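Trainee: The chain contents come next:
2 protein chains.
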Amino acid sequence: MVEEKENIQFELTDELIEQVERLVSETKDKELKALLNEYHYADVAEILDELSLEDSVYVIKLLDSETTSDILTELDEDTREKVLENLSAKEIAEEIEELDTDDAADIIAELSEERQAEVISQIEDNDHRDEITELLAYDEDTAGSLMAKELVKVYETWTVAGCLRRIRGQAKDVTRVHSIYVVNKKEKLIGRLSLKDLIVAKSEQKIADISKDTVDWVYVHDDVEDVARVMAKYDLEAIPVVDKNQTLLGRITIDDIVDVLKEEADKDYQMAAGITGDVEADDSILELTRARLPWLFLGLLGGVGAFLIMEGFEEAFKGEAFVLFFFTPLIAAMAGNVGVQSSAIIVQGLANDDVRGSVNSRLIKEMLLAALNGTILALFLFLFVWATKGSFITALAISVSLIAVIIVAGLIGTFVPLFLDKRGIDPAIATGPFITTSNDIFGILIYFWIARLILGI
Amino acid sequence: MVEEKENIQFELTDELIEQVERLVSETKDKELKALLNEYHYADVAEILDELSLEDSVYVIKLLDSETTSDILTELDEDTREKVLENLSAKEIAEEIEELDTDDAADIIAELSEERQAEVISQIEDNDHRDEITELLAYDEDTAGSLMAKELVKVYETWTVAGCLRRIRGQAKDVTRVHSIYVVNKKEKLIGRLSLKDLIVAKSEQKIADISKDTVDWVYVHDDVEDVARVMAKYDLEAIPVVDKNQTLLGRITIDDIVDVLKEEADKDYQMAAGITGDVEADDSILELTRARLPWLFLGLLGGVGAFLIMEGFEEAFKGEAFVLFFFTPLIAAMAGNVGVQSSAIIVQGLANDDVRGSVNSRLIKEMLLAALNGTILALFLFLFVWATKGSFITALAISVSLIAVIIVAGLIGTFVPLFLDKRGIDPAIATGPFITTSNDIFGILIYFWIARLILGI
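Those protein sequence lines, which keep their order, are chains A and B.
First residue of the first sequence: 161, per my numbering; consecutive thereafter.
First residue of the second sequence: 161, per my numbering; consecutive thereafter.
In case anyone wonders, no lab produced these hints; they're calculated from the structure.
The structure presented is a predicted model; accordingly, all values stated were derived computationally and were not measured.
Where hints are given, some of them may not hold.
Since copy identity is lost for identical chains, a pair holds within one copy or between any two.
As the list claims (entries may be wrong) - Below 27 Å or equal to it, Euclidean Cα-Cα: the simulated BS3-like pairs (lysine-lysine) are: (1) Lys221 with Lys346; (2) Lys250 with Lys356; (3) Lys313 with Lys221; (4) Lys525 with Lys422; (5) Lys372 with Lys190; (6) Lys242 with Lys190.
Construct the entire structure; sequences and hints are all you get.
Mentor: See the structure below:
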């Protein structure tokens with residue numbers, strides 16, 4: 161029976177955590193097991209993330225390895241690292257035996273090299289061990305690092321009936337079948353078919369006759385982000401991975417891609433906010449400082465630069481024109497905001513692969529856009545300054561420079577990410593403090609130059 | 161045979177576009193068909209996005225509706241709108257007939273109400289029409305708006321053999337089977353099973369005996385973002401949708417969730433950069449202005465506020481203390497950067513549902529973090545000002561205020577998104593221009609206050 165539930169989402173309450181802690185401290189193992197078995201392993205992982213290390217390890221050792229192996233994959237990286245330190249190589253190997261090769265390799269990769277060798281040597285199933293060792297050899301951001309060896313493979317010469325008989329064996333190890341991959345005698349990927357095709361077909365038909373020969377695939381050394389883009393674009397739920405000779409090596413499933421997409425999005429969002437190194441709200445103050453301080457320091461240098469510029473213009477703007485200094489935060493803010501806007505659009509366009517046309521046409525478009533926005537904003541500023549300060553020429557100087565500042569800021573914001581991308585550098589670093597800081601300095605400098613020109617000083 | 165390809169990604173070249181344009185203008189229909197049939201429909205959509213409206217409509221009318229219906233779903237919204245305007249209600253209805261209910265409803269929803277009625281009345285398949293009409297009734301951000309009516313459903317009383325026979329019929333309409341949903345006589349969802357389970361089972365077994373009774377589901381009125389979070393967390397590839405009585409209504413597949421996650425990430429990224437309304441680099445200057453100008457205007461108001469504050473302190477800081485004004489861009493930049501950093505971490509934590517603990521503990525943590533970062537940065541600034549300006553007390557005033565500004569900025573950045581979230585407002589609007597602008601003003605105000613206190617003016 162399906163149980164009733166108020167909400168689709170599991171809610172981690174303080175009561176639940178306290179209940180688990182109480183059961184652990186009173187070593188009521190049976191009750192604890194019964195309680196935790198009610199929850200999905202991803203939810204149990206969330207509970208463990210909140211427990212003390214001692215309690216977490218207690219729970220992991222209490223539950224059977226079929227459940228705990230899944231829980232391990234869902235734990236916070238920090239928690240997992242500490243829990244694994246408290247397990248023997250033998251115990252870790254037992255967890256690993258329960259996991260698909262991709263998850264197994266991910267966990268082993270987090271261990272120290274020495275520990276990796278120990279754990280691998282303790283894995284009893286030879287095939288599983290060899291497959292995991294193979295996966296560990298692939299570079300982190302390649303398709304190989306994401307693929308699992310578990311898949312259902314049939315030879316083109318088989319019949320439907322024989323195929324159904326054979327895949328009954330293979331499918332047991334494969335959590336979700338998705339596609340069945342068709343290979344020739346040399347293990348070369350030549351097509352695919354779905355379980356549905358197999359069920360609908362007549363039992364004496366040959367696989368070669370019912371399989372589809374249009375099969376997408378990726379190379380084992382392809383970049384993970386490219387794989388994600390392809391799978392998202394073509395709505396694929398699994399994609400086979402091949403080597404240079406088209407030999408079928410493994411497959412990547414969409415759930416891993418969902419994780420990749422989320423991580424990418426989180427990373428870009430943080431980078432735009434001036435945070436590096438994939439931190440979370442719950443990380444330690446020291447970790448957060450390491451992620452945040454460098455960018456703040458960059459901002460500090462920018463501020464010092466602005467100070468030096470203003471000091472340099474101190475003599476020029478004595479007397480009435482002095483009010484110009486009071487608009488520097490406005491100028492800096494506008495330069496920063498426009499720069500961030502235009503760079504964000506380019507960064508996103510590059511990520512979604514829909515920035516087409518030449519750099520020049522981009523720059524011209526951004527210039528027109530910035531000129532339009534700048535003129536509207538400058539008009540307001542002009543009226544405000546004229547009304548409050550009563551000086552037409554000062555108001556004109558400030559507002560005309562604002563337009564120039566906004567145009568330059570827009571051009572810098574557009575050019576920098578395009579330039580970085582051409583150079584093979586992740587353009588996402590261009591949005592955020594980097595562009596804000598450089599635009600602050602350029603903005604104030606341009607502002608003073610043009611104002612001086614207009615005021616004839 | 162699988163054709164060789166250099167790169168996993170389809171590359172839209174100018175040559176290809178020109179080739180298509182040439183074939184259109186020379187009305188070489190056969191060649192054009194042959195050329196476009198080589199590409200995936202998602203790739204053809206990319207080509208059409210680059211063509212003139214006239215050429216796109218020509219291609220759409222040329223290809224058969226089985227292909228064009230898929231192409232339509234992949235077109236840019238702008239292009240699709242214009243193409244549909246050039247098709248008759250009858251022609252659109254023909255495309256719709258080829259699509260799954262969810263894609264069909266999405267396309268119809270984009271039409272004007274009058275046109276919707278026309279198109280719906282032209283759909284020949286009664287069931288398809290009723291299902292689409294049902295889907296159109298659900299609110300945009302609910303599970304109902306994302307689900308498809310196509311799914312494979314079996315009754316608990318069926319046998320495996322009978323079931324296989326029956327689902328052969330159902331499965332034809334369902335692109336990917338994923339799970340088979342088990343219902344009782346009242347259409348209530350009571351379990352699920354996979355095609356694999358069915359193949360592995362003996363043909364005389366009852367469905368009730370082999371089905372799994374732990375099935376996740378969502379309610380039809382659940383929020384789309386919650387559905388996405390659940391599916392990502394539990395690695396689901398499809399989830400059934402039920403009503404209050406647990407009646408099975410439809411299912412949501414992971415490919416739609418991937419799109420939701422991408423859109424969410426893009427939206428949050430843009431909001432953080434001060435852009436509203438989901439624009440792209442290729443949108444018109446007017447559309448981009450509409451998305452960017454309001455936030456720039458907010459920044460302008462902030463700058464005017466900063467000007468008013470500085471003017472108010474003009475008298476107080478005459479003479480030597482005048483240098484304080486030259487550090488206002490630095491103060492504003494630091495306040496803005498710290499505010500954006502802390503709000504980004506909270507916004508992301510809220511989105512990933514891992515912000516736990518009380519608001520107070522968050523604020524205390526952020527205060528400590530800001531104090532640590534602030535002190536390090538202030539020390540540098542102190543040494544710089546002391547060395548260049550030679551005044552110990554001025555250097556002290558500026559650097560101590562910097563610490564205060566950073567702490568307050570961190571607290572505002574932490575508090576605002578938490579507050580918005582409690583009020584049910586999307587906290588993502590708190591990052592970006594909103595927090596930058598308010599922190600600019602507060603920062604400069606606090607800076608002057610504290611500096612005046614220390615300088616004893």
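Trainee: Does the structure break any of the earlier hints, and which numbers would those be?
Mentor: Hint check: 1, 2 and 3 fail, others pass.
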